[in-house]
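Q: Sequence:
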Amino acid sequence: MRKILMSGLLLAVASFAPPALALDSSGTPVVVTPLASRTTTASGQPITLPQKNVQVLVSTFDIAPGATLPVHRHPFPRYAYVQAGTLKVTNVETGNSNTYKTGDFIIEMIGQWHQATNIGDGPVKLLVIDQVEEGAKNTELRQ
Numbered sequence: 001m002r003k004i005l006m007s008g009l010l011l012a013v014a015s016f017a018p019p020a021l022a023l024d025s026s027g028t029p030v031v032v033t034p035l036a037s038r039t040t041t042a043s044g045q046p047i048t049l050p051q052k053n054v055q056v057l058v059s060t061f062d063i064a065p066g067a068t069l070p071v072h073r074h075p076f077p078r079y080a081y082v083q084a085g086t087l088k089v090t091n092v093e094t095g096n097s098n099t100y101k102t103g104d105f106i107i108e109m110i111g112q113w114h115q116a117t118n119i120g121d122g123p124v125k126l127l128v129i130d131q132v133e134e135g136a137k138n139t140e141l142r143q
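In our numbering, the protein residues as written are 1 to 143.
Hint data in this document are derived by calculation from the structure and do not stem from the laboratory. Where hints are given, some of them may not hold.
List of simulated lysine-lysine pairs, DSSO-like, C-alpha gap at most 30 Å [what the hints assert, rightly or not]: (1) 125 <-> 101; (2) 137 <-> 88; (3) 125 <-> 137; (4) 101 <-> 52; (5) 101 <-> 88; (6) 52 <-> 137; (7) 88 <-> 125.
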């Protein structure tokens, strides 16, 4: 009974606590820092997920200073967290560009041709998360 009351009390306190504070199983504080909350991609499209057999792929990218990725597009959602560096992403269909730096979260455009350039002095390091239909690739290069 005492465990149930304590669990109920912790649940009630947690529901009124700021979202940036949580507790681990021993009661030690854990700081949660929200990085992004969006419903649209970098070009304003609504975020939609694959409808069947979703597979999550996680990778890292290291882009040398001055390097430019080829023009490409993604048929499925791609998210990236900039761990280091400065990256300029240009939508080659519209000419619009966004610049991302260390600590930024990118929700890439879907189905639109774009390219990225490391415009900083050091390497760009990205943590990239793709959500694709199982077995599918999420990058198509323009011919």
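Q: For each hint, tell me whether it holds in the structure or not.
A: Okay, the hints, checked on the actual structure:
1. 125 <-> 101: With Cα atoms ~10 Å apart, residue 125 and residue 101 stay inside 30 Å; holds.
2. 137 <-> 88: Distance ~23 Å between residue 137 and residue 88 Cα, so the pair holds.
3. 125 <-> 137: holds, 21 Å
4. 101 <-> 52: Outside the cut-off at roughly 34 Å; violated.
5. 101 <-> 88: OK: residue 101 and residue 88 at ~9 Å, within 30 Å.
6. 52 <-> 137: Holds. Residue 52 to residue 137 sits at ~14 Å (cutoff 30 Å).
7. 88 <-> 125: Roughly 13 Å between the alpha carbons, so the hint for residue 88 and residue 125 holds.
Going down the numbered hints, you'll see the structure goes against just number 4.
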